[in-house]
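S.K.: Each chain is listed here by its residues.
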Amino acid sequence: GNSVTQMEGPVTLSEEAFLTINCTYTATGYPSLFWYVQYPGEGLQLLLKATKADDKGSNKGFEATYRKETTSFHLEKGSVQVSDSAVYFCALSTTSGTYKYIFGTGTRLKVLA
Amino acid sequence: DGGITQSPKYLFRKEGQNVTLSCEQNLNHDAMYWYRQDPGQGLRLIYYSQIVNDFQKGDIAEGYSVSREKKESFPLTVTSAQKNPTAFYLCASSRGQGTAEAFFGQGTRLTVV
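In the order they appear, the protein sequences are chains A and B. The numbering used here applies: residue 1 is where the first sequence begins, and numbers increase by one. The numbering used here applies: residue 1001 is where the second sequence begins, and numbers increase by one.
Any given hint might turn out to be false.
[What the hints assert, rightly or not] Straight-line C-alpha distance at most 30 Å; calculated DSSO-like pairs for lysine-lysine:
| id | chain 1 | residue 1 | chain 2 | residue 2 |
| --- | --- | --- | --- | --- |
| 1 | B | 1009 | B | 1070 |
| 2 | A | 77 | A | 110 |
| 3 | B | 1014 | B | 1083 |
| 4 | A | 52 | B | 1083 |
| 5 | A | 110 | B | 1009 |
| 6 | B | 1009 | A | 60 |
[To be verified] Just a sample of chain B residues kept apart from chain A, beta carbon distances all over 12 Å, derived:
| id | residue |
| --- | --- |
| 7 | 1002 |
| 8 | 1012 |
| 9 | 1013 |
| 10 | 1028 |
| 11 | 1067 |
Since the hints were derived computationally from the structure, they do not count as laboratory data. Since we're looking at a predicted model, the values are computed, not measured. Just so you know, even glycine gets a beta-carbon here, dropped at the ideal spot from N, CA and C.
Could you build all of it, start to finish, from the sequences and the hints given here?
M.R.: This is the structure in structure tokens:
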């Protein structure tokens, strides 16, 4: 079946540190891949997406590359800020039959000033 | 502005009572989804609908019911049969294509006492 596995958190970094949050997936066919961010008490916001192999999604300094050979979509940012503190979710969308979204368990990021 | 509106943001109910959570979207999206979020468990799919007057069970549908009488609306009823209803509920919508992202509402936090 389809599934998404994320590294467990929490991840604690100092401001301006480099961020990597690992995400791997299992899927039939060729899913689209997404990263969402959630701030406390709110819904999820799309951060970036990639729809085919080798695509790189980017937004607000965050990047992730769709690696089909390693079934991965790791999130990176070169220099985190305190305002990046949130929970990050990796997700895929199924591409055959009915379309639905499968989410990882989320990774909490805390950035210290 | 287009978006998804969930109401209310906070909801309290006594054990044994049914309660309905509202979800409305003006994005003209065909597909709508309900997810449940519990700490450390990510998002779990309750029900989804690809088109008006049709919906499918997700991974944790027991104790929940939905309707899709209008394209814009996808209300979720949490019935007394749901063993542990206290949670954060998120509604989402999408164009219903494999490459499209899901848009989320702000969520409803349901507390059953």
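S.K.: Now, for every hint given, state plainly whether the structure supports it.
M.R.: Structure-based check of each hint:
1. B:1009 with B:1070: Holds: residue 1009 of chain B and residue 1070 of chain B sit about 22 Å apart, inside 30 Å.
2. A:77 with A:110: 14 Å, holds
3. B:1014 with B:1083: Given that 30 Å is the threshold and the Cα spacing comes to 13 Å, the pair holds.
4. A:52 with B:1083: 40 Å, violated
5. A:110 with B:1009: With Cα atoms ~25 Å apart, residue 110 of chain A and residue 1009 of chain B stay inside 30 Å; holds.
6. B:1009 with A:60: Cα-Cα ~28 Å, so holds.
7. 1002: The assertion about residue 1002 of chain B holds, with a minimum of 14 Å to chain A.
8. 1012: Consistent with the label, residue 1012 of chain B stays out of reach of chain A, its closest Cβ about 16 Å off (over 12 Å).
9. 1013: 19 Å, holds
10. 1028: 16 Å, holds
11. 1067: 18 Å, holds
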